[in-house]
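Participant: Chain residues, written in single-letter form:
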Amino acid sequence: MSANANSLSQYLEQLPGTTFRRLYLQPSTAFAIFRRMLPHLAKTIVMAMLYMPLPFQLSDLEIWIKPTARREKDQAIAILRSLHIIQRDTPQSMSLTPNFRKSLRLALEGGGDHNSFGVPSTQPAPPEIDIAFLDRYARKKWDDILHYVVNSVGFSSSEKGSNGPKQSVKDLLLGGRLVERKGGGLSITQAGFTFLLQEANAQVWTLLLLWLEAADVLNANGASRAGMESVDMLSFFFLLASLEHGRAYNTDSLPEARKNMLPTLVDFGLIYIPPGNSHQFFPTRLATTLTSSETTLRSVSAGFAAANNGDNGDATQVDKSAIILETNFRMYAYVQSPLQIAVLALFSELKFRFKGLVSGHLTRASIRRAVDMGITSDQIISYLASHAHEQMHRVAASTHKPLLPPVVIDQIRLWQLDTERMLATQGYLFKDFDDYREYIEICNFADDIGVVSWRNDKKGMFFANKVDQIKDFMRTRKKANEGK
Amino acid sequence: MFSYFLDSLHRDTGKLGIRTLVECDPSIKSIIVNIDNDKNDYIIEDLDESHLLIKDNMVSQLKAKLEDRLKETVPIVENDSDSDRDVK
Numbered sequence: 001m002s003a004n005a006n007s008l009s010q011y012l013e014q015l016p017g018t019t020f021r022r023l024y025l026q027p028s029t030a031f032a033i034f035r036r037m038l039p040h041l042a043k044t045i046v047m048a049m050l051y052m053p054l055p056f057q058l059s060d061l062e063i064w065i066k067p068t069a070r071r072e073k074d075q076a077i078a079i080l081r082s083l084h085i086i087q088r089d090t091p092q093s094m095s096l097t098p099n100f101r102k103s104l105r106l107a108l109e110g111g112g113d114h115n116s117f118g119v120p121s122t123q124p125a126p127p128e129i130d131i132a133f134l135d136r137y138a139r140k141k142w143d144d145i146l147h148y149v150v151n152s153v154g155f156s157s158s159e160k161g162s163n164g165p166k167q168s169v170k171d172l173l174l175g176g177r178l179v180e181r182k183g184g185g186l187s188i189t190q191a192g193f194t195f196l197l198q199e200a201n202a203q204v205w206t207l208l209l210l211w212l213e214a215a216d217v218l219n220a221n222g223a224s225r226a227g228m229e230s231v232d233m234l235s236f237f238f239l240l241a242s243l244e245h246g247r248a249y250n251t252d253s254l255p256e257a258r259k260n261m262l263p264t265l266v267d268f269g270l271i272y273i274p275p276g277n278s279h280q281f282f283p284t285r286l287a288t289t290l291t292s293s294e295t296t297l298r299s300v301s302a303g304f305a306a307a308n309n310g311d312n313g314d315a316t317q318v319d320k321s322a323i324i325l326e327t328n329f330r331m332y333a334y335v336q337s338p339l340q341i342a343v344l345a346l347f348s349e350l351k352f353r354f355k356g357l358v359s360g361h362l363t364r365a366s367i368r369r370a371v372d373m374g375i376t377s378d379q380i381i382s383y384l385a386s387h388a389h390e391q392m393h394r395v396a397a398s399t400h401k402p403l404l405p406p407v408v409i410d411q412i413r414l415w416q417l418d419t420e421r422m423l424a425t426q427g428y429l430f431k432d433f434d435d436y437r438e439y440i441e442i443c444n445f446a447d448d449i450g451v452v453s454w455r456n457d458k459k460g461m462f463f464a465n466k467v468d469q470i471k472d473f474m475r476t477r478k479k480a481n482e483g484k
Numbered sequence: 001m002f003s004y005f006l007d008s009l010h011r012d013t014g015k016l017g018i019r020t021l022v023e024c025d026p027s028i029k030s031i032i033v034n035i036d037n038d039k040n041d042y043i044i045e046d047l048d049e050s051h052l053l054i055k056d057n058m059v060s061q062l063k064a065k066l067e068d069r070l071k072e073t074v075p076i077v078e079n080d081s082d083s084d085r086d087v088k
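So the sequence lines, in the order shown, correspond to chains X and W. Numbering-wise, the working numbering puts 303 at position 303 of the first sequence, and it's gapless, one number per residue. Numbering-wise, the working numbering puts 41 at position 41 of the second sequence, and it's gapless, one number per residue.
Here chain W stands alone, though its shape is the one from the complex (with noise of 0.2 angstroms):
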């Protein structure tokens, strides 16, 4: 049975290669698990609340679409850092 084990960790390591550990809040979990609804290439296994396994050659990919995803959802506010404005 540990022989089994260790083979399947260097199947792993070897084919498989190198995943990815994501860690993120409940509410951005939510939004990468339906990113990947659509076609389920980036989630490996889903770990709990705030974390994820996700394939490694997926992860920048991933990391754009959750930006895009959050320039729609999430408003930018210009220049929120100053309360009074210069001329511009």
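Just chain X, same shape as in the assembly (with noise of 0.2 angstroms):
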């Protein structure tokens, strides 16, 4: 699951469970939480039980799943627990939840007026409006906001012809702290570079869960005038994921909340509207494919060379083949852009710059400051390999070598361990356990369900990342011992 899914569950996990009822009414949000959000047993766990009459009993879901898939299992169920997909009925049983169970009945078998896949306009579409325009509009809109982003860096645009992203969208930016004022100009945070060296998924995902929670400050301020709620914003989000790419939907059908939405939503690149008729809005790729694991427009690498080269067309061709890294720790880059310019000179330092090729090296200094700036050392490196020159492709091919140098790529990952010397976990330590079977219980279900750090057997001690399931274990294991 990529980066997003991360972020996107991070924000659901810490959601009441009342908000869940809520979302779940929309066969839209349970659909498309089934299918981005669950691993697949999780996913073949939930259809077995969508028509099951009776509570499911745990029983006999031990028999289904082999014995040495148990963690698995655990986990799956760990992750349906905390996304309010099923409940504990009994100790001994579980069910759906009753609106999941059944907008997700409803979302399969179609029915219901619910209106929650969107209402396609009977309007006829203009004509000039196809995919293909659709994505460029959509890739021209993201576009600006990661130049927006990235010539905080200090390399001014040199392009004229944008005049970057809308004020809404800037101060969502300045407000997740993804750029900062610094005496009177931008600076980018380290959020920031994570922010832009992410997959365009990930990154849409990270700019609406920002509006997400600037919508939430808003509400507890009273201040709201458009009367958005975050509960209802996140399923129109799902809402738009299951629309039709290239297709026209009814803008009337919508409630007045979530048109209030749709300026914003432009502002993103995730809709267009037609300037003559506002009845009418189409979702873009960007919208599309937001709950399904496809990548979106590109890829993060032909993200930046189309940012610089705005409605050129086929992003991916501009981009490829353009860095040579030699065993000396040199590299040569033939880029022209000032975002590339500027993305290279975040892990090396750039000595010279001619026109059309800069020259630089990889040092301790610059890839530490790199990491300081929370670059990974993969992200650099599946950078330079993505970007990679096709004569390097070519050596590499005809010497059956790796195709960076095995050495430098192994320096930059010392690099990294260099500045992390301590690994530091958050979590909870567990200790004076009645007796060793106690001990050994908690443990090995807290191991299944992967949150232990760290053990010793020998000493009954263990450390948790995550309590919540453990100590609901723990309660069930205590009633199950004074049934005894």
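FYI, nobody ran anything at the bench for these hints, they're computed from the structure. For glycine and all other residues, C-beta sits at the position ideal for the given N, C-alpha and C. Possibly wrong hints are sitting among the right ones.
[Stated by the list, open to error] Listed next, the in silico BS3-like pairs over lysine-lysine satisfying Cα-Cα at most 25 angstroms (straight line):
#	chain 1	residue 1	chain 2	residue 2
1	X	LYS431	X	LYS401
2	X	LYS431	X	LYS471
3	X	LYS73	X	LYS479
4	W	LYS55	X	LYS471
5	X	LYS466	W	LYS63
6	X	LYS458	W	LYS39
7	X	LYS459	W	LYS65
8	X	LYS431	X	LYS355
9	X	LYS43	X	LYS66
10	X	LYS73	X	LYS459
11	W	LYS55	W	LYS39
12	X	LYS466	W	LYS55
13	X	LYS431	W	LYS55
14	X	LYS140	X	LYS166
[What the hints assert, rightly or not] Chain X residues, not near chain W, derived (Cβ > 12 angstroms throughout):
#	residue
15	GLY374
16	MET392
17	ASP418
18	ASP447
[To be verified] To be clear about the criterion: a stretch of chain W counts as covered by chain X if any three or more of its residues have a C-beta under 8 angstroms from a C-beta of chain X, and this derived list gives those stretches:
#	stretch
19	24-30
20	48-60
Take each chain as given, in its own frame, and dock them per the hints.
Facilitator: As structure tokens, then:
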């Protein structure tokens, strides 16, 4: 699962159960969560339970799952519970939560008048709006936003044609601390760098979640005029994700609060509204791929190129094969754009700049600086690999050697390790168990759901980074013991 | 007995707050122990040769102190990556 699923699942995990009950009223939301957030085994379990008339006995589940896959089973159940998809009826049985069950059935079977998957517009769509047009439009909008973030590094934009994203989007980036104001100018933050190196899909989610949080703050202050509410906003995102790319949808069928969201979504490039006709909107690829795992407009690397080449069409063509990396840690990059040079400057020491070529070194200091900003060695290596020059590919293929010099790659990793002399994990220490059996049962359970970071069977202690489900387990275990 | 443990868990999570497990090489651990010897305000429990339990609010401070110590003891070699030098 990619990074966006992580930030989204973190956001979802901290929502209360009541919020989930409301979210799952919408079939599109239930379906989106089902297809995006669940590992395969969890999906299988949900599908199996979907049409069960009675609660599912845990003992039956044990029979279905091979003993060797216990860990996977426990993790799947843990995810399902944290997303409030299943509930325990009794200690020995579980069932799908009613709203989720109903909505997922509706999503699969069709029917109902929930309009949860959008209402297609009956008016004819303007002929010039086709998929290519929408892709161009979305890319332009998104690149404006990326540009704004990158330009804060200090490489002024040479492009005069684009006037950057709307003020509201800028405020959001500022509020989310992707960029911050410093002495009149803007400067990018560590979170901003991480944002830049993310995949487009993850970037969109980052921005949407920032928007949700901003709306929550507004609501808490009672200052919201638009009447936007984060639960409704979230389910609208999931609705957008279920729409068909390149098709016109009806804005009139949307409730007032959602209509108020449309202008901001236009600013993000998630939807397009034809200038002469505000009764229609077109979802772009950024919106329709929100909950699918396929890559959106392009990969990160291609994104950097596209940001500079604006509407030149196929972004991937412009960007590939630019960097030569030598075993002596020197790097030559055939790049033009300030954006790409800015990215290279993040992790290398640039020495010379010519027209169409920059050269520099990878040094301990430069990698360290990058790591301090929150860029990982793997990100750097994958950036170098995906941008390697054709010649590098040719040499690697003819000599049967790896694409990038292993000595450099290892050294980059070692330099990063240098900065991480200690690895800190937050969590709780469990100790002073009554007896060894108690320790081993609880510790094994915690290990199976994947939350144990350290254990010492001799001392009878373990350290867990999440504690909620262990508490549940201990409570049920205690009850079971009392019953004996 | 068991309820005592649950209570202690609640007390742990409630009052003392979340803790931090630090994993490091034995050599680094000895430096941390040495830093802690001054005031004993970092380490809660010494778990084994490569693990320590640290007060959660002290982690960033400890990291900074460790960096300082390492700077004193480990020499930083400039330009150790390059065999043929450019004219600076």
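Participant: State for each hint whether it applies.
Facilitator: Checked hints:
{"no.": "1", "hint": "X/LYS431 <-> X/LYS401", "result": "violated, 51 angstroms"}
{"no.": "2", "hint": "X/LYS431 <-> X/LYS471", "result": "holds, 14 angstroms"}
{"no.": "3", "hint": "X/LYS73 <-> X/LYS479", "result": "holds, 23 angstroms"}
{"no.": "4", "hint": "W/LYS55 <-> X/LYS471", "result": "holds, 22 angstroms"}
{"no.": "5", "hint": "X/LYS466 <-> W/LYS63", "result": "holds, 23 angstroms"}
{"no.": "6", "hint": "X/LYS458 <-> W/LYS39", "result": "violated, 30 angstroms"}
{"no.": "7", "hint": "X/LYS459 <-> W/LYS65", "result": "violated, 30 angstroms"}
{"no.": "8", "hint": "X/LYS431 <-> X/LYS355", "result": "violated, 64 angstroms"}
{"no.": "9", "hint": "X/LYS43 <-> X/LYS66", "result": "holds, 17 angstroms"}
{"no.": "10", "hint": "X/LYS73 <-> X/LYS459", "result": "violated, 28 angstroms"}
{"no.": "11", "hint": "W/LYS55 <-> W/LYS39", "result": "holds, 13 angstroms"}
{"no.": "12", "hint": "X/LYS466 <-> W/LYS55", "result": "holds, 17 angstroms"}
{"no.": "13", "hint": "X/LYS431 <-> W/LYS55", "result": "holds, 17 angstroms"}
{"no.": "14", "hint": "X/LYS140 <-> X/LYS166", "result": "holds, 13 angstroms"}
{"no.": "15", "hint": "GLY374", "result": "holds, 15 angstroms"}
{"no.": "16", "hint": "MET392", "result": "holds, 19 angstroms"}
{"no.": "17", "hint": "ASP418", "result": "violated, 9 angstroms"}
{"no.": "18", "hint": "ASP447", "result": "holds, 15 angstroms"}
{"no.": "19", "hint": "24-30", "result": "holds (count 3)"}
{"no.": "20", "hint": "48-60", "result": "holds (count 6)"}
Hint compliance for this structure: hints 1, 6, 7, 8, 10, 17 are not met, and every other hint is.
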